[in-house]
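So the chains spell out like this:
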Amino acid sequence: MTTLLAIPILGVLLVIQTAIFSQIPLLQGTTDLVLLAALAWSLQPRVRTAWQWGIIGALLVGFVSAVSVIVFVLSYLGAVGLALLLRRRIWQVPLLAMFIATFFGTLAVHLTTLVVLRMTGVALPISASLNTIILPSVLLNLVFALPFFTLFKDLADFLYPAELEM
Amino acid sequence: MKSSSARTWQTVILALLAVGVVALALGGYLTPMTRLATAPFISAQTWLSTRFLTIRNILSSSQDLNRLRQRNLEMEAEVSNLQSEIIELKQQIAETRVLSALVEFARVHPENRYLAAAIIGRDPSPFVKYVIINRGSDSGLRTGMPVVTSQGLAGRIAAVTAGAARVELINDPDSSVNVRLEPSGAQAVLLGSLSGELSLDLIPQNASVNVGDLVLTSGLGGNFPGNILIGQITSVSRRETDLFQQASVQPVVDFTKLEIVLLITNFRPVDIAPLIPTPGVQ
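Chains A and B, in that order, are what the protein sequence lines are. Residue numbers for the first sequence follow this note's numbering, so the first one is 15 and each next one is one higher. Residue numbers for the second sequence follow this note's numbering, so the first one is 100 and each next one is one higher.
So that you can see chain B by itself, here it is in the shape it has in the complex (with noise of 0.2 Å):
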C-alpha cells in the first residue's frame, strides 16, 4: 500500500517536471541547452551530408560526362554524315548544270536527236587524244557518230563495243575536220596536234581571215554536220610565199574537263572514199 502511494508520487512529480520542461521549452528559456546539445549532432550531419553530396556528385558528373562524350560522338557522326552529304549534293548540282547546258544545246538545235553518256576514262597512250564513254552499240551508237557538248564540237566515235565506245577527239593528232569561217565564209581544215592546240590550214589567200573570226563545222566530207561551233581564231599567219594562209584556234570546248557528252545519234557519216579518185584507176 505504501509502494503504490509513493509510485504515485513519482508519477506525478515526473509529469510536473515534464509539464515544466515543456512550458520552459515553449517559453524560450531552453533555447541555449538546446543549441548547446544539438550543436555537435548538426556539425556531425553537415559534414557527412557536405561528404555524401561531394561523392554523388561525382559519381553522377561521370555518368553526365560519358553522356556527353558519347552525345559528342554522336554529334561528330551526324557532322560528318551532312558533310558528305554536302558533297555529294555539290556534285549533284554540278552535273545538273551540265546537263541544263546540254538541255539547252539540244534545244537550240532542234534538228538533231541527241544521246547524253559519261566520260569513263582515255586512251592509255599519251600520243592519242581519245576518250572512251560509257555508251555502246547497245545504246544505238554507231562509229562515225558526232559527239558534242554544250559549248560546241568535241569529237566523234571512232570505235563501238557494246557497252561502251571510244571517241576521236578534234584535237587528236590524227584528226582534220573541214570548217567554215566567220563571218568571211572561208573553208579550210581544222587539224589537232601532240599538245592538244588546234590549227586551221587550207584557208585560201584571198580570204580576208582576222583574229576573233569564229571556227564552225562546214559539213563538206560528210563526217559532221554543218555549223556547230568549234572556236574562235587568236592568231592568223600569212606569208606571200606560201599557198595557203594558217591560224591558231581557241577552241570553246575544254577538252582537259570534259564529263559529260551528247552524241548526235541522226546523223549517218557519209563515206567519200569511193568517190576518191586513186592513181591509175581509170
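With the rest of the complex left out, here is chain A (with noise of 0.2 Å):
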C-alpha cells in the first residue's frame, strides 16, 4: 500500500520539479524535490518501504531526463542506503540525519551524473560542474530539506501510527 503511495506522491512532485523548480535555478543547480522525498522518507522510524521509493523515484526521473535511468537508479539507491544507516546510528537526532543525507545524496547523485556524463564523451568540466551546478544544488537541497522531513514525518505518522504501550 504505502509502495503504491509512492506513484502519485513521487510523480506529483516530479510534475512540480521540471514544471516550476527547473525554471528557477540558482546559477545552474536545482532543487531535487524527488530525492529530498525519498531521503524524508527514508528516514522515518516505522518505514519498511525506503528502498521501494527510492526504485520508483529513480525510475519517474529517469523516465523523464535525458540522464541514463541508470545514473538515477544507482545514485537514488545509494542515498537511501544513507539514510537508512544514518538512521541506525543517529536516530536520536532525525533532523540531522536529514541534513546530511541530503548533502551527501545530492553530492551522490550529481557526482554519479557527471561522471558517467564525461565517460559517454560529454565535455563537462569539473570545477564549472561544481561551482554552478552540484555546490548550488546541495544549498538548495538543504534549504527544503526541513520543510520537507516535517512533511513526510506527519505522512508516516499517518500511514504507521505509534502503537500503543499498555
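FYI, nobody ran anything at the bench for these hints, they're computed from the structure. Please note that the accuracy of each hint is not assured.
From the structure, some residues in chain A lie toward chain B, with a derived Cβ separation under 8 Å [stated by the list, open to error]: (1) T32; (2) A64; (3) Q66; (4) I104; (5) P108; (6) A137; (7) T146; (8) P161.
Partial list, computed: chain B residues near chain A (C-beta under 10 Å) [what the hints assert, rightly or not]: (9) D222; (10) S224; (11) F226; (12) V227; (13) K228; (14) Y229; (15) A257; (16) L290; (17) L293; (18) S294; (19) Q349; (20) D353; (21) T355.
We put the beta carbon where it would ideally sit given N, CA and C, even for glycine.
Dock the two chains into a complex; use the hints.
Structure follows, in C-alpha cells:
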C-alpha cells in the first residue's frame, strides 16, 4: 500500500520539479524534490518501504530526464542506503540525519551524473560543474530539507500510527 | 314650562357667546390667548417629533450603512474579478504576440510545414539542457525533427512519447550543429556548454571571421535544414599555433524564456552513421 503511494506522491513532485523548480535555478543548480522525498521517507523510524520509494523515484526521474536511468537508480539507491544507515546510527537526532543525508545524497546523485556523462563523451568541466551546479544544488536541497522532513514525518505518522504501550 | 324657557335662554346665550368668540377670533383679538394656550403643546410636539425623527434617522441610517457595506463588498468582488480578467487578457496578449511572431516566421519560410507546441517542463537534471513539449507521436512528431522559434533555431527532438516529446536545445553540452558563417561562407561546428553559452569550433584558419558575423545552419550532416538563423559572433579567438579558430556566439533565441516553439514536421533527418568509416572495417 505505502509502496504504491509512492507513485502518485513522487509523480506529483516530479511534475512540480520539471514545471517550476527546474525553471528557477540558483546559478545552474536546481532542487531535486524527488530525492528529498525519498530521503525524508527513508528517515522515518517505522517506514519499511524506503528502498521501494528510492527505486520508484529513480525510475520516474529517469523516464523524464535525458540522463540515463541507470544513473538515477544507482545514485538514488545509494542515497537511500545512506539515509537508512543514518537512521540507525543517529536515530535520536533525525533532523541532523536529514541534513547529512541531503548533503551527501545530492553529492552522490550529481557526482554520478557527472562521471557517467563524462564517460559518454559529454564535455563537462569538473570545476565549473562543482561551482555552478553541484554546490548550488546542495544548498537548495538543504533549504528544502526541513519542510520535506516535517511533511513526510506527518505522512509516516498518519500511515504508521505509533503503538500504544499498555 | 318655566324650566323649558330657561333652557332656551341658556342656549341662546351660549350661541351668542360662541358667535362672539368666533367674531373675536376672526377679528384677531384672541391671538395672544391662543398663542399662550398652544405654546406648551407645540413645544411638546416639537420635542417629541425631534426625538422621533432622530430615532428614525438612526434606524434608517443603519440600514443605509448595511446597504453600503453590502454594495462595497459587491464592488470589491467586481474589482477583483476585473483584475483577474485583466491579468488573463494580458497573458492572452503575450501569447498572441508569440504566436503572431511564429506565424510570421512560418510565412517567411513557406517551404516547411510547422506545428506549434508549448514548453511544459525542463529536464530534472541540471547537467543537460532539454525541455519537454506538449506534443508527441500522436501529433506526428518523430525523433530528430528540428525545433525553431520566431527568432531562430532552438534544438531538435530527442525522444518522443504519445503525448509529449523531449527536445535537446542547441546549448546542451552534448549538442553540435554544423553551421555556416555569413558573409564569409566559412563552415564551422556550433557547440553547447554547461553554462548554456554557445561557441564555434573548427573554423578554418584562413577564413575571414569577424565580430557581428551571422551564424546559420549549413544543412551538412543532415540533422537540420539549412539557412536557419542561430546567432551572431561576439568574439573570435585566433592563434597561429592552433589548427582552427574559435568564436563565441550570442544566440538569437533566449533559451531561458522559451514558451512556445515550432516543429518542422516535413524535415526528415538523414542518418549518415553507416557512411562513416570505422577503423578496421574495409
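Cross-check of the supplied hints:
{"no.": "1", "hint": "T32", "result": "holds, 3 Å"}
{"no.": "2", "hint": "A64", "result": "violated, 21 Å"}
{"no.": "3", "hint": "Q66", "result": "violated, 20 Å"}
{"no.": "4", "hint": "I104", "result": "violated, 29 Å"}
{"no.": "5", "hint": "P108", "result": "violated, 26 Å"}
{"no.": "6", "hint": "A137", "result": "holds, 6 Å"}
{"no.": "7", "hint": "T146", "result": "holds, 7 Å"}
{"no.": "8", "hint": "P161", "result": "violated, 19 Å"}
{"no.": "9", "hint": "D222", "result": "holds, 5 Å"}
{"no.": "10", "hint": "S224", "result": "holds, 5 Å"}
{"no.": "11", "hint": "F226", "result": "holds, 5 Å"}
{"no.": "12", "hint": "V227", "result": "holds, 5 Å"}
{"no.": "13", "hint": "K228", "result": "holds, 9 Å"}
{"no.": "14", "hint": "Y229", "result": "holds, 5 Å"}
{"no.": "15", "hint": "A257", "result": "holds, 6 Å"}
{"no.": "16", "hint": "L290", "result": "holds, 8 Å"}
{"no.": "17", "hint": "L293", "result": "holds, 5 Å"}
{"no.": "18", "hint": "S294", "result": "holds, 7 Å"}
{"no.": "19", "hint": "Q349", "result": "violated, 19 Å"}
{"no.": "20", "hint": "D353", "result": "violated, 13 Å"}
{"no.": "21", "hint": "T355", "result": "holds, 8 Å"}
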